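So the chains spell out like this:
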Amino acid sequence: MTSEPRERLVRSGDIELCTVEYGATAHPTIVLVHGYPDSKEVWNPVAERLADRFHVVLYDVRGHGRSSAPTPLRGGFRLEKLTDDFLAVADAVSPDRPVHLVGHDWGSVQGWEFAIVGRTEGRMASFTSISGPSLDHFGHWIKQRLKRPTPRGTAQLLGQGAKSWYVYALHTPVLPELAWRGTLGRQWPKLLARAERLDPGAYPTDSLPQDAAHGTWLYRDNVRPRLRHPRDDSYAHVPVQLITPIGDPFLSPRLYDDLERWAPGLRRRTLPTKHWVPRTRPDQLAEWISEFVTTHEDGAGPSASTAANGAVRAGSGAGGSPRRARSGRPATRSARDKAAYAERFAGQLVLVTGAGSGIGRATSFAFAEAGACVIAVDRDAEAAGRTAELSRLVGAPDAWAETADVSDEQAMEKLAARVAAEYGVVDVLVNNAGIGLSGSFLDTSTEDWRKVLDVNLWGVIHGCRLFAQQMVDRGQGGHIVNTASAAAYQPSRALPAYSTSKAAVLMLSECLRAELSAHDIGVTAICPGLVNTNITATARFAGVSDSEQERLRARSSRLYRIRNYPPEKVADAVLGAVLRNAAVVPVTPEARGAQLLARLSPKALRAMARIDPPL
Amino acid sequence: MAGGLSAELHGFQAVQRLAYECAETVAAQLRPGTTEREAARAMRTEAVERGVRDWFHLPFAWFGDRTAFAGFKLPTQFFPTNRPLEPGMPFILDMAPVHGGFTADIGYSGSLGPNPLHDRLMTDLREHREFILHQVRQRRSLRHIYEDVDRLMGRQGYENRHRAYPFGVIAHKVDRVRERRWSPHIAGFGTQSLRGLAKDALHGHRDGWSPLWSRYRMSDHPPHPGLWAVEPHLGFRGTGAKFEEILVVTDSADPEESAFWLDDELPHVKRWKEAGLFATTKGEA
Numbered sequence: 001m002t003s004e005p006r007e008r009l010v011r012s013g014d015i016e017l018c019t020v021e022y023g024a025t026a027h028p029t030i031v032l033v034h035g036y037p038d039s040k041e042v043w044n045p046v047a048e049r050l051a052d053r054f055h056v057v058l059y060d061v062r063g064h065g066r067s068s069a070p071t072p073l074r075g076g077f078r079l080e081k082l083t084d085d086f087l088a089v090a091d092a093v094s095p096d097r098p099v100h101l102v103g104h105d106w107g108s109v110q111g112w113e114f115a116i117v118g119r120t121e122g123r124m125a126s127f128t129s130i131s132g133p134s135l136d137h138f139g140h141w142i143k144q145r146l147k148r149p150t151p152r153g154t155a156q157l158l159g160q161g162a163k164s165w166y167v168y169a170l171h172t173p174v175l176p177e178l179a180w181r182g183t184l185g186r187q188w189p190k191l192l193a194r195a196e197r198l199d200p201g202a203y204p205t206d207s208l209p210q211d212a213a214h215g216t217w218l219y220r221d222n223v224r225p226r227l228r229h230p231r232d233d234s235y236a237h238v239p240v241q242l243i244t245p246i247g248d249p250f251l252s253p254r255l256y257d258d259l260e261r262w263a264p265g266l267r268r269r270t271l272p273t274k275h276w277v278p279r280t281r282p283d284q285l286a287e288w289i290s291e292f293v294t295t296h297e298d299g300a301g302p303s304a305s306t307a308a309n310g311a312v313r314a315g316s317g318a319g320g321s322p323r324r325a326r327s328g329r330p331a332t333r334s335a336r337d338k339a340a341y342a343e344r345f346a347g348q349l350v351l352v353t354g355a356g357s358g359i360g361r362a363t364s365f366a367f368a369e370a371g372a373c374v375i376a377v378d379r380d381a382e383a384a385g386r387t388a389e390l391s392r393l394v395g396a397p398d399a400w401a402e403t404a405d406v407s408d409e410q411a412m413e414k415l416a417a418r419v420a421a422e423y424g425v426v427d428v429l430v431n432n433a434g435i436g437l438s439g440s441f442l443d444t445s446t447e448d449w450r451k452v453l454d455v456n457l458w459g460v461i462h463g464c465r466l467f468a469q470q471m472v473d474r475g476q477g478g479h480i481v482n483t484a485s486a487a488a489y490q491p492s493r494a495l496p497a498y499s500t501s502k503a504a505v506l507m508l509s510e511c512l513r514a515e516l517s518a519h520d521i522g523v524t525a526i527c528p529g530l531v532n533t534n535i536t537a538t539a540r541f542a543g544v545s546d547s548e549q550e551r552l553r554a555r556s557s558r559l560y561r562i563r564n565y566p567p568e569k570v571a572d573a574v575l576g577a578v579l580r581n582a583a584v585v586p587v588t589p590e591a592r593g594a595q596l597l598a599r600l601s602p603k604a605l606r607a608m609a610r611i612d613p614p615l
Numbered sequence: 001m002a003g004g005l006s007a008e009l010h011g012f013q014a015v016q017r018l019a020y021e022c023a024e025t026v027a028a029q030l031r032p033g034t035t036e037r038e039a040a041r042a043m044r045t046e047a048v049e050r051g052v053r054d055w056f057h058l059p060f061a062w063f064g065d066r067t068a069f070a071g072f073k074l075p076t077q078f079f080p081t082n083r084p085l086e087p088g089m090p091f092i093l094d095m096a097p098v099h100g101g102f103t104a105d106i107g108y109s110g111s112l113g114p115n116p117l118h119d120r121l122m123t124d125l126r127e128h129r130e131f132i133l134h135q136v137r138q139r140r141s142l143r144h145i146y147e148d149v150d151r152l153m154g155r156q157g158y159e160n161r162h163r164a165y166p167f168g169v170i171a172h173k174v175d176r177v178r179e180r181r182w183s184p185h186i187a188g189f190g191t192q193s194l195r196g197l198a199k200d201a202l203h204g205h206r207d208g209w210s211p212l213w214s215r216y217r218m219s220d221h222p223p224h225p226g227l228w229a230v231e232p233h234l235g236f237r238g239t240g241a242k243f244e245e246i247l248v249v250t251d252s253a254d255p256e257e258s259a260f261w262l263d264d265e266l267p268h269v270k271r272w273k274e275a276g277l278f279a280t281t282k283g284e285a
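As you go down the protein sequences, you meet chains A and B in turn. Residue numbering for the first sequence follows UniProt numbering, starting at 1 and increasing by one per position. Residue numbering for the second sequence follows UniProt numbering, starting at 1 and increasing by one per position.
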């Protein structure tokens with residue numbers, strides 16, 4: 001196997017295209033096309049990650065990097081000519097088999113053109129689009145909103161219109177070229193590194209001013225004619241995967257709303273990041289590309305494409321496919337949520353502590369249903385095993401059980417090391433393990449205090465400390481969810497120790513959120529409230545006899561059962577919170593009410609704290 | 001039980017087998033696109049062809065996430081709808097025919113084509129069948145058994161869905177019903193059977209027991225002799241599975257005679273036997 005990158009020049013008409021190949025040519029070929037203002041080096045991190053399984057090809061688009069530029073520039077960047085280039089590269093690197101195409105930004109705009117026009121049929125096996133719409137689809141999108149200017153449509157139009165400011169700027173003659181060859185070109189690496197939180201210095205290459213100046217013709221040659229007269233038959237003839245960075249400052253995610261119309265069986269994925277995904281999220285990108293390519297490599301037809309989309313099915317357990325509206329989006333709200341979770345969490349690695357029961361278990365299942373790989377951690381090995389097994393059955397590509405006591409620092413360190421070695425860096429960490437302790441302060445022994453703080457607070461600290469470090473070291477974002485409680489802001493004479501531990505978790509989460517935001521790692525505190533789990537059956541009531549203990553457990557379990565708020569809804573709130581990167585999420589109505597009251601009238605809350613709960 | 005069944009128990013066994021036959025016949029006819037209503041009607045036709053004239057309750061059919069009673073708030077939601085069956089979907093066929101004066105109440109779970117999750121639920125139901133029998137033989141309070149079954153489901157990772165049934169019962173008594181020429185039903189339930197149940201409830205209320213086995217105080221008594229149609233119903237994220245069959249409870253002092261499943265030749269039991277999961281209890285029963 002040849003893993004060293006190999007460079008060569010490919011001729012396309014008068015143009016020489018600089019091509020670099022990674023990996024053995026016997027493997028399926030993936031062609032990665034860069035955007036603007038970029039060169040093929042933007043793909044290096046992704047190419048390196050794919051090279052062991054695929055034959056990866058990068059090339060500089062004409063006028064960029066080490067490829068030659070057309071003369072004259074005007075008219076030399078038409079999409080038709082770019083299609084010639086792609087076909088020339090595909091024929092050179094994979095003469096016998098169709099290639100899988102991945103495009104970012106303008107690479108994706110080109111990719112859509114290749115996926116639509118007839119002469120590439122048989123040369124392309126699949127297309128992964130990142131941050132670059134088809135100009136035809138874009139044109140239709142604008143036309144449709146101009147024709148029926150509903151408030152929502154108009155807002156979307158204006159929103160995207162504002163995001164496209166740079167497109168208008170690039171249409172002015174000469175000035176953009178001057179700027180790129182002058183100050184802008186010099187400052188760009190610094191600006192890019194700051195905006196995208198990239199490591200400065202690694203990218204872009206020295207050819208940037210020249211690339212960016214030439215690349216302005218991509219816009220001038222194509223945007224106006226295509227947007228004015230979008231083709232009506234712009235259907236993709238290959239399976240398409242759409243990866244949308246939802247924080248993209250240049251493209252609204254709404255642009256892709258009607259895309260199922262043009263690309264049937266479209267697979268959607270979302271990333272909580274900005275525009276330069278190949279640099280900021282290479283791991284995730286490599287995984288999604290590799291999965292999609294593998295699915296469509298063995299000549300699999302559309303049925304396989306829907307199977308690969310399995311996680312998107314609403315209620316996959318129910319075996320039903322979501323009813324989709326004409327636009328292609330699921331019709332009901334819960335189906336839309338499920339689709340959004342699947343788009344975001346498919347293939348991600350999620351670790352849940354306290355996964356043997358209650359909220360932890362339900363959260364594991366919810367992530368599994370969204371297509372995430374789950375590591376179920378619990379003190380109880382059997383319960384964790386059960387969670388992992390059922391997780392696989394509801395849709396997790398893989399799930400594992402790990403036994404650890406979160407309050408045990410060494411056990412947690414071992415767990416973190418094992419997880420990193422065997423499963424990789426977790427994308428979402430849910431510090432959920434907790435125990436209940438009730439009873440007045442004066443009845444609570446120091447031993448009781450120690451126990452509840454060890455699990456509820458130290459467990460979270462250990463989890464955050466170890467796994468956040470791994471996330472930061474990887475430098476590709478992540479999310480931490482800590483299960484606090486409504487008791488974190490609602491004082492009560494019955495729960496002094498428990499509330500204290502949970503208030504600490506809440507504050508820890510808020511502080512950590514501030515700190516980790518610099519690393520694109522979100523932190524959420526979930527405050528469930530009264531949820532029907534077995535925490536009441538295992539809680540300790542301080543300062544009572546054993547028989548009274550049992551009675552209180554039964555009474556409180558009954559109370560929680562009558563309240564009957566299912567842990568599944570909390571799990572849903574967890575997924576929603578990660579999706580939206582929410583800071584503090586009260587779940588049950590009483591938890592929300594208490595949060596509101598804590599703001600409006602803390603005095604009322606304090607008065608309520610004096611009430612002894614009727615048990 | 002090895003000594004053989006009395007004539008009366010034979011009667012119950014026969015109608016229970018008849019009901020399972022109907023369910024299996026209809027299950028084999030299910031195709032993608034078959035609706036719940038069509039399935040329920042087919043069950044009814046099958047039963048009538050086999051001589052059924054009265055019902056404890058008319059056939060029910062639940063498809064897809066309705067097997068787990070997802071979003072059920074009103075009793076009317078139990079009735080069959082026009083939901084079509086899709087490949088891989090789980091389904092439950094539930095019927096309670098009266099034949100020759102004997103009542104049976106059965107529940108048949110399956111899926112249209114392979115559904116590994118549903119298979120898992122069906123496999124896990126075995127533990128419940130063994131557990132319930134064992135506990136009844138111990139003469140534990142029905143209420144406590146109910147709660148322990150709940151805990152077992154919780155440990156397995158499932159939800160208790162029989163709590164959605166009327167009165168949240170895991171089981172109810174079935175009895176002989178007098179055969180009348182005219183046997184009307186109210187809201188799907190046969191009036192004769194309802195009368196029997198009401199009579200039992202009245203007697204039970206005086207004597208401190210209830211023909212409805214639930215988590216409530218009225219079930220806080222040891223198992224009452226008679227025939228109980230037991231129906232543990234597991235639910236897991238839009239997939240439900242249950243079995244329902246008759247448990248015979250007697251006042252015999254011999255634990256083996258004090259309670260036993262009326263029939264071990266039912267589809268779900270055969271399934272476990274084939275999978276080699278049933279070896280331990282075969283000796284027991």
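One or more hints might be untrue.
Stated by the list, open to error - Per label pair, the in silico range of CB-to-CB distance:
id	chain 1	residue 1	chain 2	residue 2	range
1	B	P87	A	E121	52 to 60 Å
2	A	T294	B	G113	45 to 53 Å
3	B	Y216	A	S517	32 to 40 Å
4	A	R148	B	F72	53 to 61 Å
5	A	A582	B	E256	34 to 42 Å
6	A	A331	B	T250	34 to 42 Å
7	A	R551	B	T123	32 to 40 Å
8	A	R551	B	P255	26 to 34 Å
9	A	T446	B	P255	45 to 53 Å
Note that these hints are calculated values from the structure, not bench results. The structure presented is a predicted model; accordingly, all values stated were derived computationally and were not measured. C-beta atoms are modelled at their ideal positions from N, C-alpha and C, and glycine is treated no differently.
Now the hints, each set against the structure:
A C-beta distance of roughly 31 Å is found between B:P87 and A:E121, which places it outside the suggested range of 52 to 60 Å. For A:T294 and B:G113, the Cβ-Cβ distance of about 25 Å falls outside the hinted range of 45 to 53 Å, so the restraint is violated. The given range of 32 to 40 Å is broken by B:Y216 and A:S517, whose C-beta atoms sit roughly 51 Å from each other. Between A:R148 and B:F72 the beta carbon distance is about 39 Å. The supplied range of 53 to 61 Å is therefore violated.
Distance hint check: the CB atoms of A:A582 and B:E256 are about 58 Å apart, inconsistent with the given range 34 to 42 Å. Our hint of 34 to 42 Å for A:A331 and B:T250 is violated, since their Cβ atoms are close to 54 Å apart. Range check, A:R551 to B:T123: Cβ separation about 36 Å, and the 32 to 40 Å hint holds. At roughly 31 Å, the beta-carbon separation of A:R551 and B:P255 lies within the given 26 to 34 Å, and the hint holds.
In this structure the hint that A:T446 and B:P255 lie 45 to 53 Å apart at CB holds, the actual value being about 49 Å.
In this structure, the earlier hints numbered 1, 2, 3, 4, 5, 6 are contradicted, and the remaining ones agree with it.
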